[in-house]
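Undergrad: Heads up: the sequence lines are chains F and G, in that order. Numbering of the first sequence is given in this note's numbering, commencing with residue 1 and proceeding in unit increments. Numbering of the second sequence is given in this note's numbering, commencing with residue 1 and proceeding in unit increments.
Here are the computed lysine-lysine pairs in the PhoX-like style, where the Cα-Cα straight-line distance is at most 25 Å:
id, chain 1, residue 1, chain 2, residue 2
1, F, 405, F, 355
2, F, 129, G, 24
3, F, 679, F, 667
4, F, 129, G, 53
5, F, 494, F, 446
6, F, 88, F, 184
7, F, 568, F, 528
8, G, 53, F, 144
9, F, 872, F, 494
Only some residues are given here: those of chain F computed to face chain G with a beta carbon under 8 Å:
id, residue
10, 137
11, 853
12, 860
Rather than coming from a laboratory, the hints here were simulated on the basis of the structure. Note that the Cβ used here is the ideal one computed from N, Cα and C, for glycine as well.
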Amino acid sequence: MSLREELDTIPRKVIKSIKFGVLSPEIIRKYSVMEVTTSEVYDEGGLPVRGGIADRRLGVAEPGSRCETCGQTHDVCPGHFGHIELVKPVVHVEFARVIYDVLRATCPNCGRIMLRDEEARRYRERLTKLRGRWRLLALNLHEKIRKKASERTTCPHCGYKRNKIRFERPYYFYEETESGALVKLDPEVLRDRLAKVPGEDLELLGFNPSVARPEWAILKVLPVPPPHVRPSIQLETGIRSEDDLTHKLVDIIRMNEKLKIAIETGAPTNVVDNLWDLLQYHVATYFDNELPGIPVAKHRGGRPLKGIAQRLKGKEGRFRGSLSGKRVNFSARTVISPDPHISINEVGVPVDIAKVLTVPERVTTWNVDVLREYVIRGPEAWPGANYVVTPEGRRIDLRYVKDRKTLADRLAPGWVVERHLRDGDIVLFNRQPSLHRVSMMGHLVKVLPGRTFRLHLAVCPPYNADFDGDEMNLHVPQTEEARAEARTLMLVEKHIITPRYGGAIIGARQDYIIGAYLLSHKSTFLTKKEVAFLLGAGKSAEDPPEPAILHPVELWTGKQIISHFLPKDLNWVQPTAFKSRCQDAYRCFGDEWIIVVNGNLVKGVLDKKSIGAEQVDSLWHRVARDYPPEVARQWLDSSLRLFLRFLDLRGFTFGMDSIYLPPESYKELDELIEESLKKADELIEEFRSGRLEAMPGFTVEETFENKVTEIMSRVREDAATVVERYIRKDAEGYLMAKTGARGSIVNIVQMVATLGQQTIRGERIRRGYRTRTLPHFSTGDIGPYAGGFVRRCFRCGLSPVEYFFHAAAGRDGLIDTAVRTAQSGYMQRRLINALQDAYTAYDGTVRFGGETLLQMLYGEDGVDVSRSDHGKIADIKSLKLWIR
Amino acid sequence: MCLGVSRVSLGVKEAVVIPREEAKELLRRLRLRPWQLPWIRSSDPLAQAVGAKPGDVLKIVRESPTAGEFVTYRLVVPG
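Please work from the sequences and hints to get the whole structure.
TA: Here it is as structure tokens:
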């Protein structure tokens, strides 16, 4: 940064406060540099007409010309406001409501507030008292005063009997006479009435009359913004295209001229009134073109014009689109795909992206040789460089340097080379919606061939990512401070523990879990070759342990290999998913309990409960909490690679024989379903004969529905126990469900036994025809099959009717998820906006923006949940193991 | 003391108006102006039950799912 630029960053004036008010006509005139008097914009020569909307006195927005007010060019001239003198005043739409409020609370004759002097005095006293300490209550009081004054019909000051005033959106006011006729109040009358209200009465209504008088809400003078606000675009054909605001202003001026001529020539009042109303319409749509009750102003092409309100409002408006959200450099976005070989800390970056994103590196005597190589390699080859910045601050684009060799030779300490992204650089990786802090984490770059970002499967949960076409963003920090912060605070390994409840959000899933289970199984023995292979996968440099079996061949157990990677001082005991009757871990002979003694897995199989993500009191939770993040990460990296490699080695598949059930089990299932059907038939009989009694709070029909649904839904649960009893215990589907790798027993039941009751919105399927769900049933059929009970299973095949019901229930699920995500997303947005100023102060209290107190102690117990064990301050169980 | 609905639905165990001196000490400790405390309307059933007047500071002991029992303070406001 040059000295001049640096000087510009020094604050010369500090804003202490901002006051909002309404511009008075005098201020608008004073602020204006010219009056716009003609609707013509350009003359035949294409030059701006003096006194027109493109007058050079308003400032210049395009290069090449000079502003006639300040004499500066387009990039320095700030623009100057002009004004239009409206022939007749019009209502400012945004203030119509305010005008209505004031009109109702004041006397149209004398302009005083409709309160007795005594009441006014009392309110005034209360207001001065409240304003010092209870600002919010003062606001309420204003509201109360207004209501009170609006109720009175006779003015206590002049005795005038007031008529009722009607307000019709968006800008019409009427007075109701005694006879019930409506008399229109034109803006001139409104202005006269509002101007009569004394300042002290306005204060009672919540106005600050020095900056906002109500009659200023009636526009007699309209400010004209400079062209910087409404720039015209020169199309390639040479035709000028004006901004919507300019068009709207021209409309206003034109209508103003017409109105002026009509009045001067003495046109009949209804003609004048019509033109006046049109002027009102144009001024109103200039401010807001989405007003309810009036037609939208359109372009010749039929496109609605953009009013000032439309520029600011909504997602693409100035606030949400331009101020809160901006676009950034040094970022990339592409599809993501999985890579189980890289570390959870890493992200695979395509070479093409690595050649575009750069890191500025200052030349020192230590890196000058490497940087010279980069400069010589240039922008085309990776790893190269795209720019070189000289000590004088000149940027040299390497694309246009013919002799990069000589440039490289000139490199010396003090120069900066913007080199390509290379392995080990820290970048920020993000997936929308960014709902929590782990939606954006720091990753280390690993440049890879291909066109997608690669990420480790275990980091999918924090981002909520999958690979069905998801895209993610990547940002390259450009300063040393930012890089240091990213490395120490944002790196993935520092976020294994989620701040939500202090548990691990990153952990093993799916293939890793089934791989870990199979490797830790008692029957797993490995030859020397296999052990070498697996330890290699885990990238272990240490010698393998002594083999468990020495003769006739050396064999290692899977547990030995797992133990090889565990921290040497780890002790842990926990039940597995296979735990049945064994209550004491140390007296159980099966693999139902996990016991780790000094880093040796002596007993138990690994499953989701022990190494899965988001598991309470698990082996992995202990490792993640009790060891430094890099140790936990290393363990996860190598163990996950190990589990996957073992799964490759052993093989794992799912076929028809994995869901085989012996014939006798089918007999049992048939009986079970028959029984339920019979029960349902009995219920129908009871219902039809009118013997069924309604449950409290339900009609008889509802009672019947509830009971049938209950009976038929239970079929699946009952079938699950039968299936679990008969299925082979080493069947792949069963193992996956049991270890928690994928699926559940219900899925297996649906494959081998019955799909069970299909539901839409938690009820049996009832829609379709008037008295039945499908024409395949007789009219009035309310039996189980007509209500969406699917008796068959996926393996034996569904009938067309069953297939239909299943599809209907499936679609209902999809719609449900879509609706839920939209609703919860909006709720989250509102919560975040509402609570963004809340923080925990150093004394443990929760305060709101340094202003008010929300809670005497954070969470009422003062526990920082992100540093707790699932919300508890300490985990007693692991403490006990430590003492032992 | 009957705390009525506050006892049942909000788990309020105890509510008392604390003496002015104690309130001042509390505000000094928290470095707060009175209006920065959470408010309770004098028309609130709880405030009515203990006869709190606007300007009083109410000490409220509540059941808490995290801390078991929690002490908080509210400023009584008119209304």
